[in-house]
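Model the placement of chain B on the given structure of chain A, informed by the hints.
So the sequences go chain by chain: A and B. Numbered per the numbering used here, the first sequence spans residues 1 to 396. Numbered per the numbering used here, the second sequence spans residues 1 to 137.
Worth flagging that the hints you see were computed from the coordinates, not collected in a lab. A virtual CB, placed ideally from N, CA and C, is assigned to each residue, including glycine. Incorrect hints may have been included.
For each label pair, taking beta carbons as the anchor points, the in silico distance ranges come out as [what the hints assert, rightly or not]:
#1 A:Arg281 x B:Asp52: 26 to 34 Å
#2 A:Gly41 x B:Pro10: 51 to 59 Å
#3 A:Pro327 x B:Arg118: 47 to 55 Å
#4 A:Arg281 x B:Asp80: 48 to 56 Å
#5 B:Asp35 x A:Glu164: 41 to 49 Å
#6 A:Thr77 x B:Glu125: 36 to 44 Å
#7 B:Met43 x A:Glu164: 40 to 48 Å
#8 B:His112 x A:Gly361: 27 to 35 Å
#9 A:Gly130 x B:Arg109: 31 to 39 Å
#10 B:Arg135 x A:Pro327: 48 to 56 Å
#11 B:Arg109 x A:Arg281: 38 to 46 Å
Only pairs whose alpha carbons sit at most 20 Å apart, straight line, appear in this in silico SDA-like list of lysine to any residue [stated by the list, open to error]:
#12 A:Lys241 x A:Arg21
#13 B:Lys22 x B:Gly127
#14 B:Lys22 x B:Pro10
#15 B:Lys22 x A:Arg43
#16 B:Lys22 x A:Trp132
#17 B:Lys22 x B:Val104
#18 A:Lys241 x A:Arg43
#19 B:Lys3 x B:Val137
#20 B:Lys3 x B:Pro130
#21 B:Lys3 x B:Glu122
#22 B:Lys3 x A:Ala134
#23 B:Lys3 x A:Gly122
#24 B:Lys3 x A:Gly130
#25 A:Lys185 x A:Arg43
#26 B:Lys22 x B:Glu122
#27 A:Lys309 x A:Ala268
#28 B:Lys22 x A:Ala134
#29 B:Lys22 x A:Asn131
#30 A:Lys309 x A:Pro272
#31 B:Lys22 x A:Ala268
#32 A:Lys100 x A:Ser73
#33 B:Lys3 x B:Val102
#34 B:Lys22 x B:Pro2
#35 B:Lys3 x B:Asp80
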Amino acid sequence: MNPERSASIVGISEYPLRLARGVSPMEIKVDCIRAALDDAGLRWSDIDAVYDAGDGEAGGGLQLSAYLGLRPSVIDTTQVGGSSYEFQAAHALRDIAAGKCRVAILSYGSTAASNRFAIGTGGLHRGGGGNWQANMEMPYGSTLIANYAMVKQRHMHEYGTTTEQLAGISVSTRRHAMRNPEAVKAMTDLEFVGVNEITAADVLESRIVADPLHLLECCMISDGGGAVVIASAEVARDARKPPVWIIGSGEATKYCENDGDITTSAGAQSGPEAFGHAGVRPDEVDIAMIYDSFSITVAVCLEDIGFCKKGEAGDFVAGGRLAFDQPGRLTLNTDGGGLSSNHPGMRGIFLLIEATRQLRGESTSQVPDARIALAHGNGGMLGSTHTGGTVILARD
Amino acid sequence: MPKRPQPRFPEPNTEPYWNGVKERELRYPVCTVCDQVVFTPRMHCPACGARDLEWRTSSGEGTVYTFSVVRQNRMPGFIDLGAYSVAYIDLDEGFRLLSSVVGVDDPTRDIHIGQRVRVEFEEQEEGEYPIPVFRPV
Chain A
1 MNPERSASIV GISEYPLRLA RGVSPMEIKV DCIRAALDDA GLRWSDIDAV
51 YDAGDGEAGG GLQLSAYLGL RPSVIDTTQV GGSSYEFQAA HALRDIAAGK
101 CRVAILSYGS TAASNRFAIG TGGLHRGGGG NWQANMEMPY GSTLIANYAM
151 VKQRHMHEYG TTTEQLAGIS VSTRRHAMRN PEAVKAMTDL EFVGVNEITA
201 ADVLESRIVA DPLHLLECCM ISDGGGAVVI ASAEVARDAR KPPVWIIGSG
251 EATKYCENDG DITTSAGAQS GPEAFGHAGV RPDEVDIAMI YDSFSITVAV
301 CLEDIGFCKK GEAGDFVAGG RLAFDQPGRL TLNTDGGGLS SNHPGMRGIF
351 LLIEATRQLR GESTSQVPDA RIALAHGNGG MLGSTHTGGT VILARD
Chain B
1 MPKRPQPRFP EPNTEPYWNG VKERELRYPV CTVCDQVVFT PRMHCPACGA
51 RDLEWRTSSG EGTVYTFSVV RQNRMPGFID LGAYSVAYID LDEGFRLLSS
101 VVGVDDPTRD IHIGQRVRVE FEEQEEGEYP IPVFRPV
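Excised from the complex, chain A in its bound form (with noise of 0.2 Å):
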């Protein structure tokens, strides 16, 4: 394993409520931002570094920093879609290794679903065009559901993977889910129809929004928002929680290309990249947290990541067998997931939060004994333009 540990993460926070009407996103980052260092045990004038994905409203990395009213060292603007935050936590163990900073914070605030703000089924280049994407996209009224359901009808074609498979990864989650109070609630303000756990048999009789993906395989869109406080080694020794260290990083995008295959995402690139910095395996991984947008890309990046070859996530996942109670090595999505627990648009960072919370032993659906965990964001579109984020955690 990777002997260095540069950087930690030593505060967390996520924001409690999925529907929260009259709270500005910029509220929500506050919020989280404190109660990450009350986390951490560190106070609002220890931080020197400011991450922004542009979320919030803030209207950028400048003006996030003169709203929080800090004055930070670095400023790093990485904007690449939902896996936004494990590019940011790569930056920030680059950033506190080359002695630039020691207090780094990430943060998100949305309010996407008291906004009724359709991510989904909206259109891609909504109120746009004139760019040569959108003037080539437009016309055909292709949703993001759609480019990710594009994905995964390639899938079964290729690989024979069937729906009934890919279910075991809505099974888990919702699993996991209806152990986390918060995501009961979320599920509830929501409006869920059936707030339980669910089979596979349910994934597939619920209705089609784009063929071949079901209902029960996309997340849900809520409000939500969260924090991470990333320090040094000298920082993290004197943090109130154990430190969890991140040991490995890779950073990858993907394009739909002319002959190129869309079962592949830039996982394959990032997640190798992030193994042999890390200097582990696949096998020795404890906790995985992929984005679940939909569960297609958790299969894909899978796949690619390495826990599975490519073609073979439908047996992988099938049956639930991810959950944290199931014989097997690898549990998946904790926390419950952007299926079943927080899905604001830009899930990245709370795959960062449930895996600390994993090497802390904190998670509503502990592993015992969890030493390593990985965090894979995919941002963009899986189906044509998008980031893979891959971040591997250690405890002591």
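Just chain B now, with coordinates in the frame of chain A:
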């Protein structure tokens, strides 16, 4: 008549493509330096960076690479359509295009991967550009 959104200009990367569409031709750029087919259209070759591109005309025939049928959307122009397909079409000249497969009784049953399709230029209720869509051969 369909009410698909029109491309918007000025947009120099895709303007030659849409000028071709107006003349009922599917055109695509090829890099004259490295022979790479450049698609989605750009003003440079993404493989080598060269700006020396040549526009050619496609036969308009290709194969369905993958597709979905949109059953739920919240987009003006599409809300009233009912279920409609979106598909990636691999044209025989080696470029992949997002489009729609039309002219089938039931898009949820009558479209499949590997299906041979041919372009047609669908007139729109508004706007000067027809939209290229594909029909099974």
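Evaluated hints:
no., hint, result
1, A:Arg281 x B:Asp52: 26 to 34 Å, "violated (46 Å)"
2, A:Gly41 x B:Pro10: 51 to 59 Å, "holds (55 Å)"
3, A:Pro327 x B:Arg118: 47 to 55 Å, "holds (52 Å)"
4, A:Arg281 x B:Asp80: 48 to 56 Å, "holds (53 Å)"
5, B:Asp35 x A:Glu164: 41 to 49 Å, "holds (45 Å)"
6, A:Thr77 x B:Glu125: 36 to 44 Å, "holds (42 Å)"
7, B:Met43 x A:Glu164: 40 to 48 Å, "holds (47 Å)"
8, B:His112 x A:Gly361: 27 to 35 Å, "violated (50 Å)"
9, A:Gly130 x B:Arg109: 31 to 39 Å, "holds (36 Å)"
10, B:Arg135 x A:Pro327: 48 to 56 Å, "holds (51 Å)"
11, B:Arg109 x A:Arg281: 38 to 46 Å, "holds (44 Å)"
12, A:Lys241 x A:Arg21, "violated (32 Å)"
13, B:Lys22 x B:Gly127, "holds (11 Å)"
14, B:Lys22 x B:Pro10, "holds (16 Å)"
15, B:Lys22 x A:Arg43, "violated (62 Å)"
16, B:Lys22 x A:Trp132, "holds (18 Å)"
17, B:Lys22 x B:Val104, "violated (25 Å)"
18, A:Lys241 x A:Arg43, "holds (15 Å)"
19, B:Lys3 x B:Val137, "violated (25 Å)"
20, B:Lys3 x B:Pro130, "holds (10 Å)"
21, B:Lys3 x B:Glu122, "holds (10 Å)"
22, B:Lys3 x A:Ala134, "holds (17 Å)"
23, B:Lys3 x A:Gly122, "holds (16 Å)"
24, B:Lys3 x A:Gly130, "holds (18 Å)"
25, A:Lys185 x A:Arg43, "violated (30 Å)"
26, B:Lys22 x B:Glu122, "holds (11 Å)"
27, A:Lys309 x A:Ala268, "holds (11 Å)"
28, B:Lys22 x A:Ala134, "holds (18 Å)"
29, B:Lys22 x A:Asn131, "holds (19 Å)"
30, A:Lys309 x A:Pro272, "holds (13 Å)"
31, B:Lys22 x A:Ala268, "violated (40 Å)"
32, A:Lys100 x A:Ser73, "holds (7 Å)"
33, B:Lys3 x B:Val102, "holds (15 Å)"
34, B:Lys22 x B:Pro2, "holds (16 Å)"
35, B:Lys3 x B:Asp80, "holds (10 Å)"
Hint compliance for this structure: hints 1, 8, 12, 15, 17, 19, 25, 31 are broken, all remaining hints hold.
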